[in-house]
Amino acid sequence: MSLGYHPLVKQLLDGEVSLAQLPPELRAEGAEALRLIGAVDRSPVVLSAALDDRVMAVVRRHAASRPRRAWHWLTAPRDVELRLRLRPAVWAGALAVAAAVALLLLGRAPGSAPVPASVVRSGARDSVFVRFVLYAPGARQVAVAGTFNQWDLSAAPLARAGTSGVWTTTLALPVGQHQYAFIVDGERWVADPAAPAIDDGFGRRNSMVAVTTRGARTL
Amino acid sequence: MRPFLAVVFALCMALPLMAQHVGARLDGRVPPDVRRAVEDIAADAAAHGLPTEPLVQKAIEGGAKRVPAERLIAAVRALAARLAGAAEAVHGGGLVTPKADVVEGGADGLSAGLTAGHVSELVRASHAPYDPALVLRVAATLAALGVPPKQTVQLVEGMIKDGKSSSDLLGLPGEVQADVADGATPAQAAEHVAHGGGTPPGRPPDWVPPGQTKRKGHGKP
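These protein sequences, in sequence, are chains A and B.
Read in my numbering, the first sequence has 23 at position 23, and its numbers run on one by one without any break.
Read in my numbering, the second sequence has 125 at position 125, and its numbers run on one by one without any break.
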């Protein structure tokens, strides 16, 4: 519970003004407030001497062990201020040496020979960017699935190119022959009309594309 | 006796692991009964030294296409049979321990209409630096496009004899397809490509496909 004393009465309680300095209409309220405050027991609290020991025992029990503190010391982030005092000629020289070493290392890296723009290195095998295009004006979504993405229906969605009904995507495929098909609206499998198709063993047709380091061709 | 027992022991240990691996690959991608059937087919194939990856891929493809279970299993079983036939044909071509992709290429060829004899012949023709797997896949694609099997073999062998690059070989079906798109039959297209390209069969010498500039000649220099 809190009492809504007048600000001047609060000043009286704080010792900032005396009761006589209060306006006459506030003196009764001030006197009552002083009476209530005076009734509060202000005798000092005496704590048991054993309390400190008990509290410290609990604190020590919950304190981190030595290895834990060591680990925390090692792993906790800290602000580190590093100040270098170098002459411009020195740091310019150091940068030049670092650049020369980097260039030397890059020059010696295996497989750093120039490659055609459309060919990207992917592990041990070359990959080539291949563009898939399907004209499907009424489709809500189109994807391409094939041997290159484990026939995953959601791995390679095509994006609509404007409002022309053309859907397209570009994928990096490894060199070799690949079979694929388009999936329209998540359920209709459609062979690429621009590529030859072969029997898929299930009574449908898979389209084929050959990827060479010179580029991709529909077979 | 000890080496034999070691091989038997290794097979006994490896086959269940392989089946487990196949099962894990198919988990969630095909119905449980298909998964079990494909595991069995793959285990049998592995026991005969055949590659199992094409079987897994075919099952995954069928699962993605929601092919009915019976049809899917039948397709995987048929593929296993083709792999076995291809392995035999590849052995007949002189490759004692072929890589998995060579057997797979041979199976593609058989599927497209090549005979085991054609597969053996193509393997024999695939001397270094030609990869027999690539040669077989190209031949399989040509045959799938409708080029008669015998002509397919002759066309591919001709490219190898002429020392064409692997990339040229890989582009061969595209050349045939381009001529087919221009109105030639697959046999005519293959004949045309074999003789160095130029004007498609049945067209005047200066003929250019609509909307295209004149293509550079391809094939023999």
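If you're looking for bench data, these hints aren't it; they were derived computationally from the structure.
Any given hint could turn out to be false.
[Claimed, not checked] Derived list of chain B stretches under chain A, where covered just means 3 residues or more per stretch with a C-beta under 8 Å from a C-beta of chain A: (1) 36 to 47; (2) 69 to 82; (3) 87 to 95; (4) 168 to 174.
We put the beta carbon where it would ideally sit given N, CA and C, even for glycine.
Outcome of the hint check:
1. Restraint check on the region 36 to 47 of chain B versus chain A: 0 residues with Cβ-Cβ distances below 8 Å, three needed, restraint violated.
2. Requiring three or more residues with a Cβ within less than 8 Å of a Cβ of chain A, the coverage given for the region 69 to 82 of chain B holds, as 5 such residues are present.
3. Restraint check on the region 87 to 95 of chain B versus chain A: 0 residues with Cβ-Cβ distances below 8 Å, three needed, restraint violated.
4. Note: the region 168 to 174 of chain B has 4 residues with beta-carbon separation from chain A under 8 Å; the three-residue rule is met and the coverage holds.
The structure is inconsistent with the numbered hints 1, 3, although it conforms to all the rest.
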